[in-house]
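Asks: These are the residues of each chain, in order.
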Amino acid sequence: MVTITVDSLDFSYQSTRILHGLNFTVGEGTVLCIVGPNGSGKTTLIRCLDRILHPSGAILINGKHIRDLGRRELAEIIGYVPQIGAKIAAATVFDVVMMGRTPHMGWQSRKEDLSLVEEAIQLLKVDHLADREFNELSGGQQQKVLIARAVAQDPRILLLDEPTNSLDIHHQLEALAMIHRLSRKTGITVIMAVHDLTIAARYADQLMMLHNGLIVGYGSPEELITQERIREVYRVDAKIFRDPEAGLIVTPLHPIADVIP
Amino acid sequence: MEQSRILEGYIKRIHGRIITLILLTAVLLTLIGVAATLGSYPISVIEVYATIFAGPGTGTEAATIVWDYRLPRILMGILTGAALGVAGAVMQGILRNPLASPFTLGIASAASFGASLAIILGAGVVAGGYLIAANAFLFTLIAAALVYGLAQVRGITPETMIMAGIAIMYLFSSLTSFLQYIGTSEDVHAVVFWMFGSLGRSTWETVTIAAVIFLFTFPLIIFFARSINALAAGDETATSLGVAVEHVRLIGMGGASLLTAGVICFTGTIGFIGLVAPHITRMMIGGDNRFLIPGTALMGAVILLGADSIGRTIMAPMILPVGIMTAFLGVPFFLYLFLRRRRDYW
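Protein sequence lines correspond, in order, to chains A and B. To convert, note that position 165 of the first sequence is 165 in the UniProt record's numbering; the numbers rise steadily by one, no gaps. To convert, note that position 313 of the second sequence is 313 in the UniProt record's numbering; the numbers rise steadily by one, no gaps.
These are calculated hints, taken from the structure and not from any lab test. Incorrect hints may appear among the rest.
Simulated pairs of lysine-lysine, DSBU-like, Cα-Cα distance not exceeding 30 Å [claimed, not checked]:
#1 A:Lys111 - A:Lys87
#2 A:Lys111 - B:Lys12
#3 A:Lys185 - A:Lys111
#4 A:Lys125 - A:Lys185
#5 A:Lys125 - A:Lys111
#6 A:Lys64 - A:Lys185
#7 A:Lys87 - A:Lys125
#8 A:Lys87 - B:Lys12
#9 B:Lys12 - A:Lys125
Residues from chain A that face chain B, not an exhaustive set, calculated with beta carbons under 8 Å [said to hold, decoys possible]:
#10 Ile52
#11 Arg71
#12 Trp107
#13 Glu118
Beta carbons: idealized from backbone N, C-alpha and C, even for Gly.
Construct all of the structure, not just a fragment, from the sequences and the given hints.
Replies: Okay, structure coming up:
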């Protein structure tokens with residue numbers, strides 16, 4: 001079980017500052033959704049958390065600085081689902097999900113590795129695709145395979161960068177419900193960047209709203225999602241409904257014209 | 001029941017790969033027997049195997065012909081095909097580029113320059129019989145270091161390494177052209193002949209040196225097969241899967257260069273094996289480098305030994321240099337694969 005503590009996290013691409021001194025803590029077994037407009041720093045933050053990028057400040061997992069962990073050690077703890085787009089040459093779906101076992105296994109795959117790969121494939125309902133070439137799949141299918149790879153990695157923390165972008169509404173709900181169940185069942189901490197506020201509100205225990213590299217809100221969906229905040233951050237007028245079954249529903253109405261100074 | 005179906009498919013593929021490797025080994029062993037019958041001294045395939053199993057130094061005429069003349073050439077052919085094939089497979093893997101090979105990354109043209117330097121100017125690091133080979137070897141490694149060093153300035157990515165490789169290729173090509181321009185016609189002829197690539201210069205000594213380099217490098221590369229697999233998904237993903245990406249790329253590039261240098265310094269530049277053998281093998285057994293790398297070694301050996309055997313017989317008694325033959329065989333085959341390859345294979 002793990003707790004993540006982020007302290008004064010700063011990141012710049014050359015001279016452009018992307019993240020400005022972020023501080024937050026994510027408790028064990030929490031599903032945290034990061035929301036915010038394009039360019040607010042969601043993807044950058046996720047990459048920093050997996051040490052793909054090297055920010056200043058501290059990222060602590062159970063009090064231990066991730067800088068002090070070996071690359072492989074970190075991969076045993078953190079699984080990362082990138083946005084789709086990259087091709088993977090001459091690899092079947094099974095091969096791609098098997099890659100998730102890389103930090104755990106040696107040259108030869110053990111029985112345990114094979115059964116975790118199998119479970120992940122079943123969990124994401126891509127078993128009928130197992131023998132297919134990854135590159136031949138649709139975007140949505142590829143997205144599920146990449147999630148399955150991270151699940152097979154059997155991490156304590158799961159990072160997902162807009163994991164449902166290419167999925168239709170049926171598969172969106174299916175994938176997110178699966179991730180949510182996985183977190184409840186195994187106690188893994190999930191941090192994902194999500195665009196859709198309704199979806200984020202529905203599956204998140206906690207929401208974090210980023211705007212221009214700053215945290216403008218952190219808390220439960222109920223606290224965080226307000227018309228004022230959406231107006232301020234997204235520059236959109238929106239209506240917010242509360243439905244006993246669906247929870248919070250955010251319906252964007254129209255963009256607010258930018259005031260040109 | 002569904003559970004076993006997924007694993008069944010995977011295990012079936014693994015078995016298919018192992019069977020392919022065994023078949024390729026059988027083809028190679030057969031080819032050795034056939035290749036050893038080729039030449040002016042008549043000897044049957046069965047006699048060849050009997051002579052090989054009897055060992056060297058039995059004093060018979062057949063033993064002298066097979067052991068002293070034909071086996072060094074055959075073994076050098078196998079080593080060269082295997083080394084260039086593996087080098088190509090590794091470069092394509094670590095650079096995620098289907099066109100990567102010792103040729104396209106400038107390593108082979110650097111070897112030509114090193115050899116030209118020795119042939120035309122007589123300049124080199126060691127004197128005597130190994131002047132040309134030592135120069136070719138040295139310049140191959142210099143080119144690899146230059147490619148790596150240049151790429152490092154901008155950060156080691158597949159793109160930067162390929163850009164640096166292409167620049168290095170042109171640099172050494174024009175340096176070689178310059179040497180040819182100032183050289184005498186006999187020297188130029190010797191350089192051109194070296195650049196054709198030939199197994200005719202093979203001796204037990206050169207075979208031993210090439211074999212030692214191969215046997216040292218191959219296990220090192222195969223050890224990183226899983227990491228190279230993960231690199232196929234991109235640097236970021238490989239990093240997040242615990243792979244030390246730059247480290248693997250350095251070892252892969254170093255190993256591929258060493259393999260290339262270890263053979264082409266003796267044979268001259270031999271094209272297309274490094275590019276085509278990995279592709280043929282990948283189409284047959286898939287992209288898992290644990291099987292692809294040994295498979296490519298066998299495939300490269302089969303193609304090269306086959307090309308040399310054809311080159312020795314097609315216009316006999318004239319022997320066509322193997323470098324010419326591999327390109328003759330390689331180009332149509334490459335185009336055939338290119339035109340009919342499965343969609344999205346790469």
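Asks: Check the hint pairing Lys12 (chain B) with Lys125 (chain A) against an upper bound of 30 Å on the C-alpha distance.
Replies: Roughly 21 Å separates the two Cα atoms, so the pair holds.
Asks: Answer holds if the nearest beta-carbon of chain B is closer than 8 Å to that of Trp107 (chain A); otherwise answer violated.
Replies: Holds. Min distance 6 Å.
Asks: Has the given pair, Lys125 (chain A) with Lys185 (chain A), been kept, meaning a C-alpha gap of at most 30 Å?
Replies: Distance ~18 Å between Lys125 (chain A) and Lys185 (chain A) Cα, so the pair holds.
Asks: Would the hint on Glu118 (chain A) be counted as holding, given a Cβ-Cβ threshold of 8 Å to chain B?
Replies: Holds - the Cβ of Glu118 (chain A) comes within 8 Å of chain B, reaching about 5 Å at its closest.
Asks: Does Lys12 (chain B) sit within 30 Å of Lys111 (chain A), going by the straight-line distance between their CA atoms?
Replies: Distance of about 15 Å is within 30 Å: holds.
Asks: Min Cβ distance, Arg71 (chain A) to chain B: is it shorter than 8 Å?
Replies: 5 Å, holds
Asks: Does the alpha-carbon distance linking Lys64 (chain A) and Lys185 (chain A) stay inside the 30 Å limit?
Replies: This hinted pair holds, its Cα atoms lying about 25 Å apart.
Asks: Would the pair Lys87 (chain A) and Lys12 (chain B) pass a check requiring their Cα atoms to be no farther apart than 30 Å?
Replies: 25 Å, holds
Asks: For the hint on Ile52 (chain A), just tell me whether its beta-carbon gets within less than 8 Å of chain B.
Replies: Status holds, d = 5 Å.
Asks: So if I understand the rule, the pair passes when the alpha-carbon distance is 30 Å or less; does Lys185 (chain A) with Lys111 (chain A) pass?
Replies: With a Cα-Cα distance of about 23 Å, the restraint between Lys185 (chain A) and Lys111 (chain A) holds, given a limit of 30 Å.
Asks: Under the criterion that the straight-line Cα-Cα distance not exceed 30 Å, is the pair Lys125 (chain A), Lys111 (chain A) satisfied?
Replies: This hinted pair holds, its Cα atoms lying about 21 Å apart.
Asks: Checking one constraint from the list: CA of Lys87 (chain A) to CA of Lys125 (chain A), max 30 Å. Satisfied?
Replies: 21 Å, holds
Consistency note: the structure conflicts with none of the earlier hints.
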